[in-house]
Every structure is written in structure tokens, then in C-alpha cells.
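Now for the letters of each chain:
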Amino acid sequence: MFHYTLKRLLLAILVAITVSFVTFMLLRLSGDPAMALAGENASPAEIQFIRVQYGLDRPIIIQYADWAWRALGGDFGQSPYFNQPVKKIIRGRLGITMTLGGCALAFAICLAVPMGMLAAIRPNTWIDRVALTISVIGQAMPSFFFGLILIIFFGVMLRWLPISGSSTWRHFIMPSIALGYYATPAIMRLTRSGMLEVLASDYIRTARAKGLRAGSILFKHALRNAIIPVVSLLAVQFGFMLGGSLVIETIFAINGVGFLGYESIARADLPMVQAIVLLVSMFYVVLTFFSDLLNAFLDPRIRVA
Amino acid sequence: MAEQVVGDIQEVDFPSPGQILRRRTLAHKGFMIGAIVLLMIIAMALLAPVLSPHDPYHQDLAKRMISPIWQKDGTWEYPLGTDNLGRDYLSRLMYGARISLLIGVSAMVISGLIGTFLGVIAGYFGGRVDMIVSFMITTRISMPVVLVALAVVALIGGSLNVIIWVLGLLIWDRFAVVTRSSTQQMRSIDYVSAAKAIGCSTTWILLTEVLPNILNNLIVVATLEFAHAILLEAALSFLGMGVQPPLPSWGLMISEGKEFMLFSPWMIAIPGFVLSMLVLSVNLMGDGVRDITAPEGRS
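Chain order of the listed sequences is A and B. 457 is the number that the numbering used here gives the last residue of the first sequence; the numbers go up by one with no jumps. 356 is the number that the numbering used here gives the last residue of the second sequence; the numbers go up by one with no jumps.
Simulated from the structure, these hints should not be mistaken for laboratory data. Among the clues, some could well be false.
[Unchecked claim] Just so you have them, the derived chain A footprint on chain B, three or more residues with Cβ under 8 Å:
#: 1; segment: 97-108
#: 2; segment: 157-164
#: 3; segment: 176-183
#: 4; segment: 209-222
#: 5; segment: 332-341
For each residue, glycine too, the CB sits at the ideal point set by N, CA and C.
Please build the complete structure, drawing on both the sequences and the hints.
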């Protein structure tokens, strides 16, 4: 286990460095940051001044090394729009996005795992078909369209829920559903196929033959084994959600990191965008690292491979 | 007597692989529905100049926000109504199909070429090549697609070409993952070893032995990524950083209709519906290909 952890940790660090490098280069080379900072009506002299001021005249590799070194210590520079440290602004928004992501994931699990189980227990019945329909629609409908439909129905027509902002818990209901629904098809499919496989295995037959109660077989014996691959999928989906929450936060005007990212892109606030992209990527790397460890812990066969 | 039996056996008609494929395809409801819907959307896109009742760019401020035909004040002149600038919604919808399909196909081809190349060489050669490719895949998956695509497209400027290339260069990961594992299974199979033994070149083996045999998995991923690219384009355009006005992208139409959705919900419902139908049809076909090409009894 120690050897495996060490290997995985090394890989995670390498991936983190590469991701930070690639995203830095991508964003830097897509436009001239000095021109973006100076604004539309800046003279060439002003642009040149800003270029020197922000160190943008140095070789790009040096700029990256400098940026990465500071980022390691949590310093992402100043946001030219807010005129405040990027770190401070993001810290104020991070909690909201995490809450949204957590609620969305909880919604996805509550919908997908029971549906996947039911579909596996009664394959090829109406329950299975309902589960399949939900997952097919979930894959086809764009999350922003689904979010707008929720707003029209529950916000405008029924007036049950507030349609924008993030001040109370009720503000989080619709965005969580819109964001979480997108993750349900994958979770449901994996739960279903995992359960089908486990339910057909010898030890379940043995458990049945011993006369164990159906509930005990289902939850203690079957679900426990079927859920292992789902756990790592959840980590992956949570990572995707933080990236995808940009769209949902923008629709519902939720003051999280995603909305901040969208606004910063629109304002060409490059230090902010770079920090957010890096943050979301690093979060994903850390998540998959821990989910791999958890998997290896739960399933000893993985450690050897 | 004996001759009679032989005669009987000869009369038994074994279906050729092609016939089995055709039979399975026609019997697969999901695939057929998906194929019909997709064909309709493709026809709509190709025939847009012929079929569309109006110029999709022509603004007529006197005829703003006309309701679609199923509402009281709808007219046959504008079956799906007009938008806030008085442009015919049906015509914009038809031309919008061109943009979705164009971006979907182009991004799929670019990402497919990159992903398949990487996946096949990783699966076939293994060892260090596999290590490097796997690392590239992990790195790519760790980058948030929507965020990166949005930022890069916004910084460079949202032209069709930029969107296609940015999406194509971003979504190759699933191609690589799937072709890699399929190729790994092929590597030690007898006819690949035989081809190696008679001295075929590696390129030849990859192109004529490996690639045709992983084609079914490749098609399934291709449909998924086609749909993925269409959804991403719609999201970028919806956020105002993808396809730029006055081009009629469905995502952009939803974004433009958003302001009026409280009183005219059809303005987002119509483009949203066709967008969902397009993605649904492609997904159904992908699932269909997986079922149809699955070995006997596993579908």
C-alpha cells in the first residue's frame, strides 16, 4: 500500500505540474495580456509600460516559473479588475461553489444509486425503462437549457423557488438539481451494471441459499461490492461539476468561483482566470488521487497492478 | 435417403454477416429512431436555402416577437414566430442546424484523429509509449473543458474555426482511452501475430489489422464526442463567447431568447428542444451501434 501511494503521489504531482504549465501557456498565447490589461484605447507606449510593469517582457518560461512558484505559496498576483489579491477574492467565493457542488453531488447520488439498484434488481421491467429514460434525457439535454426550464416552471410559473442569487438555502435547490442531473446518467449506468454483475455472482447465490434476508443480501453483500467503481466515478464527477458549475452559476447568478470565472473571462482578467483554471484542475487531481487510494484500500487487487 | 439429407442441409440458408448486421440494425428500435431524427436534422441543414421560408438574417422590426403557430396570434407566414429583431425563427433554426452539425463533425474528426492515433500506438507498443500517452490522457482529463474552452475562445475571438479547433484539441481523451484499451486486447491476437510473422510493417498492421477491428468501439466514441462537441458549442454560444451574432447558433438563440423567456418561453423552448433532439438522436445511434456490433447474445 505504501509503495502504491508513493507511486500515485508522484504521478499526481507530475500531472499537476504539467496541467499548470499547459493551461498557463494556453491562456498566455491566446492573446496579448498586456494589451488586455491596458484596455482598448491604450497607446503603444502605455502597453509597453504595462508589459514591463507586470514582467510580461520576460521569456515565457521565466514568467511561468515565477507564477508557479508564487502560486505554490498561494499567491496568484493582483486582479487588475478588483485591484485586490486574486487569492482574497477567490477565497470569498470558494465556499459557495463547494456547497453547490456538494448539493449537486448529493442530489445525483440520491437519484442515481437507488434507480440504478432498482433497475438492476428488476431488469427489463418498467422500472428499468424509467431509469434508462432518465439517463438518456439527462445525457441529451444541455444543462443550461434544463436550468432555464427549471426557472420557468418552479421560479416563474409556480413561484416556489427564488431564481437568482445565493443568499438562502432555497437558492441552491434548483442549481443543485440542474448541475447534479447531468451527472446522474453515468452514476446510474455504473450502479446498474455493477449490481447486475454482482447479483449474478456465486457468493450472492450462496448468501441466498443460506437463507439470508433479501435486504441484507442487497445492501451488505451486493451494494458494497458494486459501489466500489461508483466511488471513483463520484470523485471524477465532482471534479467535472466544479468545472461545469460555471454555466449553472452564470444562469442562476450564484456568486461562486464559476460565475467569477465567467465574469473574469469576459473582463479579460487574466490572473484571475489562470488562478481559477489552476484551482479547478488541482482540485480534480487531488480528488482522483484520493479516490484511487480509497479504491486500492477497498479492493486489494488494484494495489498490485 | 442419405442424399435427401444432404440436400436438406444445403437448403438451410445461413445469413451472411452483412445480412445479420442489417437485420439487427433494422430490429434495433433506438438506433432506427435516432437515425431517422438525425437524417431529418441533416436534411434540414442541407436544404436550409431551399426550405427556409425567409432570410435568417433579415430583420423586420415591424414584425417583432410574433408567436408561433400553435398560439392564438400565430400566423402561417412565420410558423415558429419571429425573434426580438423580427427574424424568422424557423429559418434561423434551419441555418442553426448547419452550425451545430459543422462544429460537431469537425471537432469530432480532429479529436478522433488525435485520440485514435495516441490510443492505438499506446495500446500496440505498450511500455514507455503507453506510459507517456497515459500521462497525456490524465493531464488532459484534469483540465476543466468548459472553463479552458471558454477562456481560450474568448481570448482568441469566437470564430467558427477557432471553436472547432479549440474543441477538437480538447476532447480527444475518450477516443484515446477507448482505442488504447481495445488495441491492447488486439495486440496478442493470432492474426496480428501472424501479420507480424510474415513481416508486415507496423503501420500496415495498425491500419489493416488493428483499426478495422476496433472500429465499432471507435464509432461509439465518435457519436459520444460528436454530441459532446455540439453541447459544448451550444454552451459557449449561450454564454456569449462562442458563435457570434448574427450567426444563428442554437445556443445563441437560447441566449437571445432568455431575456424574453418569462412571457415568450417558446423562444428558448424551440431551439432547446431541437438541440436536445439532435444530441438524443446521436446518443441513441451510438448506443445502437454498441448493441448491434456486440458479440451474439451480449446485447
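Verification of the hints:
Counting residues of the segment 97-108 of chain B whose beta-carbon sits less than 8 Å from any beta-carbon of chain A gives 0, not enough to reach three: the coverage restraint is violated. Judged by the Cβ-Cβ criterion of 8 Å, the segment 157-164 of chain B is not covered by chain A as claimed, because only 0 of its residues qualify and three are needed. Interface restraint, the segment 176-183 of chain B with chain A: violated (0 residues with C-beta to C-beta distance below 8 Å; minimum three). Only residues whose C-beta sits within less than 8 Å of a C-beta in chain A count toward coverage, and the segment 209-222 of chain B has 4 of them, enough to reach three; the restraint holds.
Coverage of the segment 332-341 of chain B by chain A holds [criterion: at least 3 residues with CB-CB distance below 8 Å; count 7].
In the structure shown, a violation is registered for the earlier hints numbered 1, 2, 3, in ascending order.
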